[in-house]
Structure formats: C-alpha cells, structure tokens
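Asks: Here is how the chains run, residue by residue.
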Amino acid sequence: MARENKTTGKVAGIVANLVIVEVDGPVGQNEICFITLKEERLMAEVIKVVGKHAYVQVFESTRGLKAGSLVEFQGHLLEVTLGPGILSRNYDGLQNDLDKMEGVFLKRGEYTDPLNREKLWPFKPLAKPGDTLAAGDWLAEVDENDMPHKIMVPFKLTGRYTLKSIVPEGVYTVDHKIAVITDSEGNDTELTMVQKWPVKLAIRAYKEKPRPFKLLETGVRCMDTLNPITEGGTGFIPGPFGTGKTVLQHAISKQAEADIVIIAACGERANEVVEVFTEFPELDDPRTGKKLIERTIIIANTSNMPVAAREASVYTAMTIAEYYRAMGLKVLLMADSTSRWAQALREMSNRLEELPGPDAFPMDLSAIISNFYSRAGFVYLNNGETGSITFIGTVSPAGGNLKEPVTESTRKAARCFYGLNQGRADSKRYPAIDPIDSYSKYLEYPEVQAYLEKNVSEKWLGDVLKAKDILLRGKEAMEQINILGDDGVPITFHERFWKSELIDFVILQQDAFDKIDSSSPMKRQQYMLAKVLEVADASFSFGHFEDVSSFFKTVINQFKQMNYSEFKSEGFERYENELDSIIKERLN
Amino acid sequence: MESQAFQKVYTKLTNITKATVTLKADGVGYDEIATVHGRLAQVVKIMGNDITLQIFEGTEGIPTNAEVSFLGRPPQLKVSDELAGRFFNAFGEPIDGGPEIQGEVRDIGSPSVNPVRRKQPSNLIATGIAGIDLNNSLVSGQKIPFFADPDQPYNQVMAMVALRAKTDKIILGGMGLTNDDYLYFKNVFDNAGALDRIISFVNTTENPPVERLLVPDMALTAAEYFAVDKNESVLVLLTDMTLFADALSIVSNRMDQIPSKDSMPGSLYSDLARIYEKAVQFPSGGSITIIAVTTLSGGDITHAIPDNTGYITEGQLFLRRDSEIGKVIVDPFRSLSRLKQLVVGKQTREDHPQVMNSAIRLYADAANARTKLENGFDLTDYDERTLKFAREYSDRLLAIDVNVDTDTMLDISWELFGKYFNKAEVAIRENLVKKYWKN
Ligand SMILES: Nc1ncnc2c1ncn2[C@@H]1O[C@H](COP(=O)(O)OP(=O)(O)O)[C@@H](O)[C@H]1O
Ligand SMILES: [Mg+2]
Chain A
1 MARENKTTGK
11 VAGIVANLVI
21 VEVDGPVGQN
31 EICFITLKEE
41 RLMAEVIKVV
51 GKHAYVQVFE
61 STRGLKAGSL
71 VEFQGHLLEV
81 TLGPGILSRN
91 YDGLQNDLDK
101 MEGVFLKRGE
111 YTDPLNREKL
121 WPFKPLAKPG
131 DTLAAGDWLA
141 EVDENDMPHK
151 IMVPFKLTGR
161 YTLKSIVPEG
171 VYTVDHKIAV
181 ITDSEGNDTE
191 LTMVQKWPVK
201 LAIRAYKEKP
211 RPFKLLETGV
221 RCMDTLNPIT
231 EGGTGFIPGP
241 FGTGKTVLQH
251 AISKQAEADI
261 VIIAACGERA
271 NEVVEVFTEF
281 PELDDPRTGK
291 KLIERTIIIA
301 NTSNMPVAAR
311 EASVYTAMTI
321 AEYYRAMGLK
331 VLLMADSTSR
341 WAQALREMSN
351 RLEELPGPDA
361 FPMDLSAIIS
371 NFYSRAGFVY
381 LNNGETGSIT
391 FIGTVSPAGG
401 NLKEPVTEST
411 RKAARCFYGL
421 NQGRADSKRY
431 PAIDPIDSYS
441 KYLEYPEVQA
451 YLEKNVSEKW
461 LGDVLKAKDI
471 LLRGKEAMEQ
481 INILGDDGVP
491 ITFHERFWKS
501 ELIDFVILQQ
511 DAFDKIDSSS
521 PMKRQQYMLA
531 KVLEVADASF
541 SFGHFEDVSS
551 FFKTVINQFK
561 QMNYSEFKSE
571 GFERYENELD
581 SIIKERLN
Chain B
1001 MESQAFQKVY
1011 TKLTNITKAT
1021 VTLKADGVGY
1031 DEIATVHGRL
1041 AQVVKIMGND
1051 ITLQIFEGTE
1061 GIPTNAEVSF
1071 LGRPPQLKVS
1081 DELAGRFFNA
1091 FGEPIDGGPE
1101 IQGEVRDIGS
1111 PSVNPVRRKQ
1121 PSNLIATGIA
1131 GIDLNNSLVS
1141 GQKIPFFADP
1151 DQPYNQVMAM
1161 VALRAKTDKI
1171 ILGGMGLTND
1181 DYLYFKNVFD
1191 NAGALDRIIS
1201 FVNTTENPPV
1211 ERLLVPDMAL
1221 TAAEYFAVDK
1231 NESVLVLLTD
1241 MTLFADALSI
1251 VSNRMDQIPS
1261 KDSMPGSLYS
1271 DLARIYEKAV
1281 QFPSGGSITI
1291 IAVTTLSGGD
1301 ITHAIPDNTG
1311 YITEGQLFLR
1321 RDSEIGKVIV
1331 DPFRSLSRLK
1341 QLVVGKQTRE
1351 DHPQVMNSAI
1361 RLYADAANAR
1371 TKLENGFDLT
1381 DYDERTLKFA
1391 REYSDRLLAI
1401 DVNVDTDTML
1411 DISWELFGKY
1421 FNKAEVAIRE
1431 NLVKKYWKN
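As they're listed, the protein sequences go chains A and B. Heads up, the first sequence is in my numbering, so the first residue is 1 and it goes up one at a time. Heads up, the second sequence is in my numbering, so the first residue is 1001 and it goes up one at a time.
Since the hints were made in silico from the structure, they are not lab data. Predicted model only: the values in this text are computed from it and were never measured. Quick reminder that beta carbons are idealized off the backbone N, C-alpha and C, glycines included. Keep in mind that a hint or two might mislead.
Stated by the list, open to error - One-sided and incomplete, this derived list gives chain B residues near chain A with beta-carbon spacing under 7 Å:
1) P1074
2) V1113
3) P1115
4) R1117
5) Q1120
6) S1267
7) T1302
8) A1364
9) E1425
Next comes chain A alone, as it looks inside the complex:
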C-alpha cells in the first residue's frame, strides 16, 4: 500500500466516531489515516470505501470536528511496533504506552512510543555471516527481564536472505543497525531490533501447527482436573455478570505455567486493570521467583476508552502474542471480554447501516471470531523449537442467555467451554464453572490422553471420567429427591447425591482469595482426587437419610481444612488422619 504521494482528503460527514472522508487518491481497506482537528491529530481506520468516499472509524472522540477538516492517509494498516521492552508495559488498545502519557486524564490525539529508544540492551548474536535466513528466523538474543528475547528477521520480508554482517556481542539501543541481510538479487537490507506488523493479519513464521497435546497447568482444579486446557489450546468462559469470569481469568494469569502472560482488558472495568497494576508487581511468579509483572503485558482498553480502539485491542494483544511465540515461548493470552469487542463491531456496523444479523450484530460475526481464535495454537518453528499461544476469552452473554450470537459463534471456535452458572455463583460455589455442561474437547484427543497417561498417571484419565460420572449421577439423584421427597427415594440416592457434593466441595470449589487454596499444583490435584475417589468408592452403612448428609458434611469439612492447609504440612496430615478415622468408623 506504500505510495509515492500521500493520499489526502477532507471530512465530508460525521456521525459519532464514524467519519466520511472525500479522498483525492487511492486508499486501502483498513488503511490508517489522521484527521486534523486544530492542533490535534485523530487516528482513524478505513472500514468501507464507496466511490470517492472513505468511511473511517475514529479511535477518539470526534467532539468539535468540522466538515472540511484535512485528512492524511498513511499508506499502511494499523500496526504494532515489536522489539525488546514490551514486557511489563501497560498499553492502550493501539499500543500507546499509558505510563508515558502526561496528566491524570487521557488526552485526545496523544500517541506515545511503545518502546524505550534510549535503553541499552545486552545483545548476543545467534546467527553468523553467511547463514541463510527467512522471515522469523533468529538473528540474536537480548535479555528482557531474564527472558531470552529473540531478534528476528522481520516477518514482513519474503524470500531467502544471506546474513552479510551482524554486530558483535555488546549493548545497543533498539534502533541500532544490528545486521545487514542480502536477498537473492544482491540487495542489502539493514535491520534494527524493531519491526512492525499489521495487527489484523496473522504472523505465520512457523513450520507447522500440530494439534495441541500438552497440558497447560493453571492451578485451577476444575479446569486442570476436569476439563484441562492445553498449551496452544483455546477456551472461553461465558457467564452472566458477577459469576466470576474476571476473577477466574486473573487466577489463571497468576498461576498458569506460561512464560509470557498477556492480559487484554477489552471494554471492561478500569479498576480491574488497576488491580493487576497493583498486585502483579507484588506477587511472585511461582516458577521463576521473579515478580509476576515481569512476565506480563497489559493491553488496557477499558469500557470508557474509545470504542473503535476496543476492537483493535484484541488484535494488538494477539499480534504481540504471536511475536513472542515466534521466539519459542509459551504465551498465555486472556481477553476480557470478547463480547465488548463484538459490541464495538455492532456499533460500527449499525452506523454504517449494514444489513444486521441476529441481535443486530454484523452478519460475519462468526467468521471474525473463528478467524481470531485460529491465531492461537502450538507451533513448530522453522528451527524446530516450539512455541504456543493459549487463548482464553470471556463472553458476557446478554441477559445471561447462552443462545445469543457471541456465545454461539465462540462455541464453534473454542475447544474448551467453561460455562459459569448463575445458581452456583449465587450460592457462592466458586469458581462457578458448571461441571456438567462444561467440556474440554482436548480430553478426547488421543495425543492428550497419551500425554496425561505419561505425565500425570496411568489411571488419571479413568479417575477423571469417574469423577465426572459421579457428578452427573449425583445431579440425577438430586432431581429424583426433589421430585419424590427425601424419604420417597432409597437411601442410596442420598449417598449418590452426597458423593457428588463431596467432589463439588473439595475438587470443584476453590477460594480464589485464599493464599493456599487459590493455586493447586497438579501433584496436589492428583492426590486430592485420589483421596476423594477413595471415599466415593467406599460403601457405607447408613440407618437414615439424615445420617448421610451429616456424615458427608463432616467429611467435607475435614477435606476443606486440608484444602486450606499447606500440602503435606503437619496440619494437612492431621486433618487427613482425622478424616481417615471418621471414614473408617462408617465403613461397611
């Protein structure tokens, strides 16, 4: 789209943040332009072209904008800037560094540099002159918060190159000319540590994208144990407001076994981002002992920030994720909430007076969502190393109705479904993931099954399926009890129900705000599931149905005390011993 002369235009119409521009030359779909408003320059993106009119969505408020204002087109799409120094940054949806902005309030038309241009980075070459290279190949490594940040051949370059020269080990700024590469025709290209990439396009600098097969530990029991997500997998969390979507995502982002965590706060509350700003610099990364913030990138486009930038924010986050994946890292990407992104699409589509689909969302909503989810995944890079993007998005269904278009479209795209249930949230059974309706398609993948068998235990999968079965049978028993009454069913129904309650209280429920209970490593999960199933497998003798509930309440209470204690600590073992004798007394 690069042109000799910049295309310009004049504002011809304004409806909220949709501006119609009369242009004097060629423009491209999704091209970026700047609209002049007194001293301010407002960034906008072309979303439709009709004859001489380009329809652009403005990433800012258009208050005070007049017809006739000058517009300059940039000849490129919305891009992010990629290079060392992205980790621990707080960006807005367009990758402006929020910390670099002055004053308490966001200023319209203020765009800040995502990178630090002065900082000197310790640089180590990985390639040597004469090497043949292609886009995405590793040239060098710099140390970014102890993470080996790879400097790569820019993704935009096509074809094969020969490395002509590379600077020696040392410290350099990101803009330093660190290498020269030569194409097959003998033309040289100078490279720095910085490159740009248009956010709406996927970075495909990898050899192969197999089906994900490795478990990604999150420390959340009802995910890891019951419906595990994989490294490079996709999942979504739909739920009415207040059922725990954000708390669950934050828990996962604190505990998950990832090298890099990217949090895209898309059209949600500013205070929730502040919580991350405040807590992550204090919290330790359990695997590295460093602070969590050092492996985290925040893209904050909260609900009061411009709507068009909200849509951009998820793409910005995904592109940064792809950049780090190309370095051979395990990236976890969280977007809260993808419904706000869909709503931003809806607002714009309505302003464009497009023919609306269901609930006035754009007709191609499903395709847009699938396309986005498909950018996640586990990959083999060209050099044989692996990298992954695990993506989990929340969905905020209107009226809590899972039949609405965003939930339905996402269901087609994501492989794990963690449905939050209002009833569970109301009775404080957190995390409120519905154990019956939720699923992980990965459990059906033979390669995942083989992985679990090898890395967790041989009987693990069987135990998990058994636990699911107990939950289902417990639910059925409860329904019968509700229909026929406590004494209208055999005592075994009560036992069945309470065994499912046992799994619910001990395995499913987890207090996200308790220091110990909040995160449960796989070893511990394995131990607890085995212990719970021991009780579930046992046959007890009860004289009356009321004995069943009071016995299981005691057992559950004992298990809960274990959950609140340090694994295998003295207290933990004391509760366990007490539990064992309580159980023994009741055994047949």
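Mind docking chain B with the ligands on chain A? Use the hints.
Replies: Below, chain B with the ligands without anything else, positioned relative to chain A:
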C-alpha cells in the same frame, strides 16, 4: 441563554422530526450546542453542510423558519466552591432562586482518567446496614447501583447511605424524579444539616425526558472538580438510571437507529460505561463514588438496562421485600459488591470473609428447605434449623432498618451459628471457629 453579537443566525430548517431538526450551515463542530427556537440543541450528525440537531425539549411547535444559532462549544458547567448547597436543572442553571455561579467554565463529558493514574480503591464506606456492610461492603471509588422494583424505598435507602457515609460532598443527579421525591431529598439533607455539602442537578418528571441525558455528565463534571481540584471524597447519587436509558432509547428510535435488545440502542453498554467509569480513587486522596438506582420491572434483571448495568458496575444491591418478616432486605443472593474483597478481613475483623460466606450458604439451604415445604415434602431437622436461622438472620441482619457496626454484625452471625448449627455444618476454618464460636 447566551448569544453573541457576531453569531450568524440561520432561519431555514430543511427537515424536522420528533427529536431533531436539519439545516444547512458551515463551520459547525460535532457535539456542539445550539439554540433552536429558544431551545437547547446539540449537533448529532454532519453530512457536508447538512447539520442535524437533537432538540432536548422536543420539536413540538418548531416552525421551518425557526431561529438557529450555534454556540461553538459543547455543553458546559461553571465550577467553583459556590456549587455547594445549590440546586440546578439539567443544563446547570440554578433552580433554587439563588444567583448564577461564578467560576471556571468546563466542558461536560470530559475524557477518561488514564487507568495507570488510578489508585486501587481501599477505603471502606460503613453504612450501618448489615445487608451492605456485612455481605456487600462498599469502598470509596466504587460504582454500584440499587436494583429495585419501583415500589421499593430505594431513594430512602440511598439517602440514608449517603448521609452515613463520611464524604466531603454529595452530588445528586436526579433523572425523572417525581416532585415528591425531589422534595424528599431536599428535606432529608436539610434536616441532617448537610445541605451545605450537597449539590443537586435535577430533572423531574415535569421536565422533558431527553434533557435527562445531560444530568449525569453535569453531576460528574462537578464531582471531578471537587475530587481532582480539591482532593475531596465525593459521593454521586444517580437516580433513576433506568429513566436515563429510556431517554437514550427515545432519541435513538427517533433517529431511526437499529435497536438491539429491548429496544435499547446498540451503544447502551458504552453509553452507561462512560458514566459509571467516572468512579475513581485518585492517588492524591480525592475520590468519586457512584451509587445509582436502576429500577426493574417485575424484578427482571435480564432486561437490557439492568443487564448492561450489571456488566459495568462493581456489583449491585438488590432490594426485596421479605414477606416472612415483613421488611425490605438487601437480598444476599443477587447482591454483590465486587470490591468487598479489598476491605473485608483487612479493614474489618479477620473472620469477616468466612462468616459472610457461611451465613449466605446456610441462608441458601433455607431457601431449598422452603421449596421442599412448598412442594409438600417433610422437612428434616436440619431443614427446620435453617429456616429458623434464615428468619432471624433476615430480621436481625439483612433488613434495611439495621444500624450497627461491623463487629456487632459478625458477633450476631456467630451467635446465630451457635444457636442453630454445629461446627461442621458451618464449615469455617478451624482457627476462627476456636476463637469466635459461641454456644
Ligand atoms: N473463585 C472465587 N472465589 C471467591 N469469590 C469469587 C470467585 N469468583 C468470583 N467471586 C466473587 O464474585 C465477584 C464477581 O466476580 P467477577 O469475576 O468480577 O465476575 P464477572 O467478571 O463474571 O462479572 C467477585 O468480586 C467475587 O466477590
Ligand atoms: Mg468481569
């Protein structure tokens, strides 16, 4: 209304709808205000030199040769300490017979606070109402609505909360208030001797509904003045946001926009978020807390207005009449304060989080027992105990007429636990049970 000598006056309207007029004019800015036939209007669409204006009062009686002058600015409010104690209409004009305000002119609907310049809210707001302080603690800088059917005493509860909260300023944004409610607020604040720290922007049922759209921005512009310029803690009361949203839908329907759910505009979420997100804690000490009212129809929270609100605000306080005790309670199931975990057990006693959760769980068991009873089944001994517990819990803690401190609320909870249950049934962490259990 202001008029300046050099302003050009237009007198030829090309189009008139129920809410808007269109005319040809040059050099007009988007969002700018104008007067049309003496009525305030705002630019909502520009197409070449066709300017469409939304008339807040409606277009009844406007002729095609009406006089139109553009003011070259968005809606504004004059801010200064003189605002304190005063009553204004939706345009920021005094309605209490007092003098015009002298002060700095500010555009309303100002930009958002940079999220990295916010501080995490951490100051507990005690109200004495256990349904709030025990189960849904409020924190300054929070935004939270009451969800209530129109026959609930939400304005009374809100006024009570406002007066008990220790804040520097209270700003009332009244939208579609009945004249009686308006006078009620005036009286309560006056009787409490608090009038000098109260500022009100009021649109009553007697005013045109579309004017309401300006009320939250007026109230919040005043709030930002006190919170940012004066580092004060400000409590903003917005009642009734359902009527605000209704006004949004009136405008969008009249402008032929495609409605989404419940005939609300597709932008409802963003429109409400822009207002509620003004709630903030600043590092310098100033804060804006928003307590709003969203009236429901027949308790339906899936309607687009409460639904979008719930997705935006930091919880909701659900008022419900408990027929067993004959009092209005703060319903522990549907109510939620999302910021409570920042203060409970930290600024309140250590046992607070667990006591709160256990009591609600037992209250939920009582609800199940009640269903059993209604379905004609026998109750177990445990069921009977939960029912007795629920009744006393509701009466002594959930009812809105309770006014005690948080430690007392916790003590009452332990008393009820001990009275009706054994330790395993309450299932609280052992070290807390040892310390607080009452027989
Ligand atoms: N795992 C959990 N443990 C304890 N409380 C929780 C948990 N998940 C959610 N909650 C409670 O529910 C509230 C709402 O959760 P949140 O994640 O903000 O909901 P959503 O994002 O679905 O609207 C939280 O503020 C918290 O009080
Ligand atoms: Mg949330």
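Asks: Honestly, which of those hints from before does the structure not fit?
Replies: Going through the list in order, the structure violates no hint and respects every one.
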